[in-house]
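Protein chains in written order, with UniProt numbering: chain X, 1 to 270; chain H, 1 to 166.
Don't take each hint at face value.
Derived DSS-like pairs (lysine-lysine); straight-line CA-CA distance at most 27 Å [unchecked claim]:
{"no.": "1", "chain 1": "X", "residue 1": "148", "chain 2": "X", "residue 2": "215"}
{"no.": "2", "chain 1": "H", "residue 1": "63", "chain 2": "X", "residue 2": "148"}
{"no.": "3", "chain 1": "X", "residue 1": "213", "chain 2": "X", "residue 2": "263"}
{"no.": "4", "chain 1": "X", "residue 1": "217", "chain 2": "X", "residue 2": "126"}
{"no.": "5", "chain 1": "H", "residue 1": "63", "chain 2": "H", "residue 2": "46"}
{"no.": "6", "chain 1": "H", "residue 1": "63", "chain 2": "X", "residue 2": "263"}
Simulated from the structure, these hints should not be mistaken for lab results.
What follows is the residue order along each chain.
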Amino acid sequence: MTEKDSIMSPEYKKAITNLLFQLADDDFLYAYRGSEWLGLAPHIEEDVASSSISQDSMGHAAMYYKLLEDLEVGNADDLAHLRPVKERRNSVLTERVNGEGYYMETPQYDWAYQVVRSYFYTQAKKVKVDSLSESSYSPIAEVAVKVKMELYYHRLHWETWFKQLLSSTDVAKKKMNDAIELVMGDFGDVFSYGNQKQVIETSRLIASEELLKEKWKASIEPVFSALQMKVPPIPEQPTKNGRNGEHTKDLNEALLTLSEVYKLDPVATW
Amino acid sequence: MTASVEVSAGRVLEVLKRVNDPEIDSISIIDLGMVGEVTTEGNNVKVVLLPTFLGCPALEIIKLNTMKAVKKLPEVDEVEVEFVFHPPWTSDRITEQGHVNLRKFGIAPPPRHLEEDGSWHVDCAYCGSTYVTMENIFGPTACRSILYCKSCKNVFEAMKPVSTLM
Ligand SMILES: [Zn+2]
Numbered sequence: 001m002t003e004k005d006s007i008m009s010p011e012y013k014k015a016i017t018n019l020l021f022q023l024a025d026d027d028f029l030y031a032y033r034g035s036e037w038l039g040l041a042p043h044i045e046e047d048v049a050s051s052s053i054s055q056d057s058m059g060h061a062a063m064y065y066k067l068l069e070d071l072e073v074g075n076a077d078d079l080a081h082l083r084p085v086k087e088r089r090n091s092v093l094t095e096r097v098n099g100e101g102y103y104m105e106t107p108q109y110d111w112a113y114q115v116v117r118s119y120f121y122t123q124a125k126k127v128k129v130d131s132l133s134e135s136s137y138s139p140i141a142e143v144a145v146k147v148k149m150e151l152y153y154h155r156l157h158w159e160t161w162f163k164q165l166l167s168s169t170d171v172a173k174k175k176m177n178d179a180i181e182l183v184m185g186d187f188g189d190v191f192s193y194g195n196q197k198q199v200i201e202t203s204r205l206i207a208s209e210e211l212l213k214e215k216w217k218a219s220i221e222p223v224f225s226a227l228q229m230k231v232p233p234i235p236e237q238p239t240k241n242g243r244n245g246e247h248t249k250d251l252n253e254a255l256l257t258l259s260e261v262y263k264l265d266p267v268a269t270w
Numbered sequence: 001m002t003a004s005v006e007v008s009a010g011r012v013l014e015v016l017k018r019v020n021d022p023e024i025d026s027i028s029i030i031d032l033g034m035v036g037e038v039t040t041e042g043n044n045v046k047v048v049l050l051p052t053f054l055g056c057p058a059l060e061i062i063k064l065n066t067m068k069a070v071k072k073l074p075e076v077d078e079v080e081v082e083f084v085f086h087p088p089w090t091s092d093r094i095t096e097q098g099h100v101n102l103r104k105f106g107i108a109p110p111p112r113h114l115e116e117d118g119s120w121h122v123d124c125a126y127c128g129s130t131y132v133t134m135e136n137i138f139g140p141t142a143c144r145s146i147l148y149c150k151s152c153k154n155v156f157e158a159m160k161p162v163s164t165l166m
C-alpha cells in the first residue's frame, strides 16, 4: 500500500470503485459480444480484425478489474465472472445480443448493428479514456494512456466500416439506419454514472456526463456531415440504466455462457 | 540453501537477454523494450515488465519464462515479476538490435516516424521495397499488421506502431 492509498477517504474510494465497475463491465460485455462474431464476420480479414479488437477490449476489462483487486474489492477473475446481474454496471448497449438465434445453432446476426454499436461505443470509449488519462486517481490515468493507444486502431477500423456501409447500396443504408435507431435507443446510459453521478464527478476521476456527451457529438460530427447526415440525439433518460443495475434478459444469458467454464474450476489458471 | 553472493541487476539483465517473445522467438523482451526496471535486495529480484498490448495472451507466458530464467541464477532466492502501465510501452522502445531481429523473423519493424495525420509507412520485410499496401491493420497477434508487397509479391507482417501521440 502506498501512502496515497492509506489516506484515501471512503467517499473517494467508493467513487473509484463505482467508476471502475462501469468501465470494466462495459468492456467485458462489449468484448464478449464481439467475440461471438468469431467465424461469422463478413470475411476472413474481418474475422482477424474483430477478434483482435475483442481480445484487446477483454484486456482493457481485465486491467480495470485488476485495479479493483488492488483496491481489495475482490479477486479480478471473480469480479468478472461471478457477480450477479443486479450488481453489473455495464450500459445496456453492451449487453444486447448481436441478433436473432444462438451462436452454436443458427445465429442470424446483424452486421450493421455490430458496426454501428462498435463505432458509437468505441467513440464513446475514446472520449472517456481521453478524460480518464487526466484522472485524479493515477492508476486509472496510467491504464487509460495505454488503452488509448490500442483504441486508436479500433476507432479507425469501425469508422471505416461505418462510412463505407453508409455510402453503399440502398439496402446497406437502410440496414445501417435501422441499426443507428436501435443503438441510440440504448444510448441513454452510456454516459450516465447512474446514482453515483455526484460522487464520481466531484472526485475529478473523469469529466461530467454532460461534457462527455458534448465531446462525443463533436467527435463524430465530421463523419456525419461528410455523409450528409445528422448526429442522432442521445436520449435524455435511459429506459433502463445499467449503471444502477437495471438490465435486460440478454445479460442473464450472456453471463451464464460467459461464466460456464470459469465456474467449473474457479482456481484454474488461464 | 543460502546463497553467499548477492545478486546484481547486471547479471539479471544478462539473463533477460535470453528470454524471448513466445510469439516471435527471434527477439528478446529486452530488445522489445518490455523490461522496465530490475531491482535487487540481497538475493531477491524484482523485474518490472511493460505489457505491449493489454490483452496479449502471451503476457502470462512471458512472466513465467522470466521467472524461470532468473531463478536459474544460483545466487537468486525469490523472484517477483510485475506488469506496470507507467511508463506505457510504445513501439519506439524496441532497440536497434530488436529491429534487426524482427526482420530476421520476416516482420517489418515498426516505423520510427508517424505522419502528422497519424498514418505510417513501412517497407517490405523481404525486399525493402516501398511499394506496399496495407491488407489488414490487424494481424495474427494484437501487435502485428498484415501487408502486401507489390514488388516481390510477398505478404508480410509489420509490427504496429504504438505511440502516446495517437
Ligand atoms: Zn517485397
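Practice task
Identify every previously stated hint that the structure contradicts and give their numbers, smallest first.
Solution key: Hint 3 alone not satisfied by this model.
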